[in-house]
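Chemist: Here is what each chain is made of, one letter per residue.
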Amino acid sequence: MERTIGKFQKGQGLVEYALLLLLIAFVTGLSLNIAGVSVQDLYNQVTAGLRGENTDCSPLARAGSEWDASDDKFWRGGIEQQEDGYRACPLCGGLLPGFSGNDYQVGLSGVQVEKTNPTWNGYGITFRAENGPKGLNGYMFEVEKVNKNNPTRIYFSKWVNGVQIKPYIKMFYLPSDIDWNNPPDMSVKVEGDTFTAYMDGQQVLQGKDTTYPTGGSGVFSNAGTELNFSDFLANSLDCEEVSQ
Amino acid sequence: MSFEESPSLDLYKDGLPSRLPDPSSKRKRIWAMIIGLAILSVGLAFFNMAQDGTLAILAGTGTAIGTVYDDQGNPIVAEISVFGTTLSTQSDQAGHFKLEGIPAGQQVVVVAYRHSGREYTVNVIAGQTTEMGEARFQTDDFMNGWSQSSAQ
Chain A
716 MERTIGKFQK GQGLVEYALL LLLIAFVTGL SLNIAGVSVQ DLYNQVTAGL RGENTDCSPL
776 ARAGSEWDAS DDKFWRGGIE QQEDGYRACP LCGGLLPGFS GNDYQVGLSG VQVEKTNPTW
836 NGYGITFRAE NGPKGLNGYM FEVEKVNKNN PTRIYFSKWV NGVQIKPYIK MFYLPSDIDW
896 NNPPDMSVKV EGDTFTAYMD GQQVLQGKDT TYPTGGSGVF SNAGTELNFS DFLANSLDCE
956 EVSQ
Chain B
4 MSFEESPSLD LYKDGLPSRL PDPSSKRKRI WAMIIGLAIL SVGLAFFNMA QDGTLAILAG
64 TGTAIGTVYD DQGNPIVAEI SVFGTTLSTQ SDQAGHFKLE GIPAGQQVVV VAYRHSGREY
124 TVNVIAGQTT EMGEARFQTD DFMNGWSQSS AQ
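Chains A and B, in that order, are what the protein sequence lines are. So my numbering is basically just the index in the first sequence, starting at one, shifted up by 715. So my numbering is basically just the index in the second sequence, starting at one, shifted up by 3.
Because the hints were derived from the structure by calculation, they are not lab data. Any given hint might turn out to be false.
To be verified - In silico BS3-like links for lysine-lysine, alpha-carbon gap of 25 Å or less:
hint	chain 1	residue 1	chain 2	residue 2
1	A	K863	A	K788
2	B	K31	A	K849
3	A	K923	A	K881
4	A	K923	A	K885
5	A	K923	A	K788
6	B	K29	A	K881
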């Protein structure tokens, strides 16, 4: 009888410890969720760290033969791989397939543009974005020249269901035009609610928004521009090598 | 007595202590932690539900009405949706819209026309109709490459 009680009491102690561990795991999971940290992302980061990945700042994702194009008829096409890089036709864009994250930096390099129209020249980077059933959801950074009478502007915009929300998150008219024959490389650093844009390594714009905490990244061109570029990649914030 | 509750021999190295250790104190501490964590879990779960809108659904739904005008002040047929939900409707020829079944609480209503949109934060009250008033676009809203090139 005493032996039975002893066993019961010992078992009860283990149950209490199990309950405690379960509650700690539950509280941790809920706290991470509230903080907007994906447990899956965290697990991937930890396992990647344990495997020794990314210690050499290898990209999280990089331009390749495949791009995710939107089914939204608003876009005229996706991005095509060429012999010496990539091409986006006017009003075309695509996202890096399979890539999504919270905080990262993305860089577009080797940019060349061809003005197919005297108006609405521009190109940019899409970030924390996804192609939803109704169109693009996410953010964009763009350099844009409306026409020869307007100064070139740069801005962050938000997209909801394929619709560009006005007013822009942040916009700035450049004091002098960019050299459209040798257009700048650009990169965007996405950290928490803050987005920082760079052109040829110089910080040019900073904006804040909390709508989308996570998402992928890609490239697009404006309606009057054919965009050619040599590379586009996403890297972790620990790596400072993304064309800044 | 379970193994975890057994006192350490160190307690008796100077003889019998005046106050014998309470064998159930460790268990009491563990239960206090369990209860504390359980209360914290409930609080966090509640906050989580409030954050992802589940609480708003449980709180009930309401209706929003309004009228949409273009940059010239003309009523337009626009698409109206609630951010983070699949709820959407279209305004009629007079620009009027009525969107039902919106989760109660602060909601962002997106009014979209020609791939440009404006956001309106609306406080939806369960079982009631909220008048959003006029949603009016501005000329700059349609200053974009696609609107201009499609008009050409």
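Chemist: Now tell me if each hint is right for this structure.
Modeler: Structure-based check of all given hints:
no., hint, result
1, K863(A) - K788(A), "29 Å, violated"
2, K31(B) - K849(A), "55 Å, violated"
3, K923(A) - K881(A), "15 Å, holds"
4, K923(A) - K885(A), "8 Å, holds"
5, K923(A) - K788(A), "29 Å, violated"
6, K29(B) - K881(A), "60 Å, violated"
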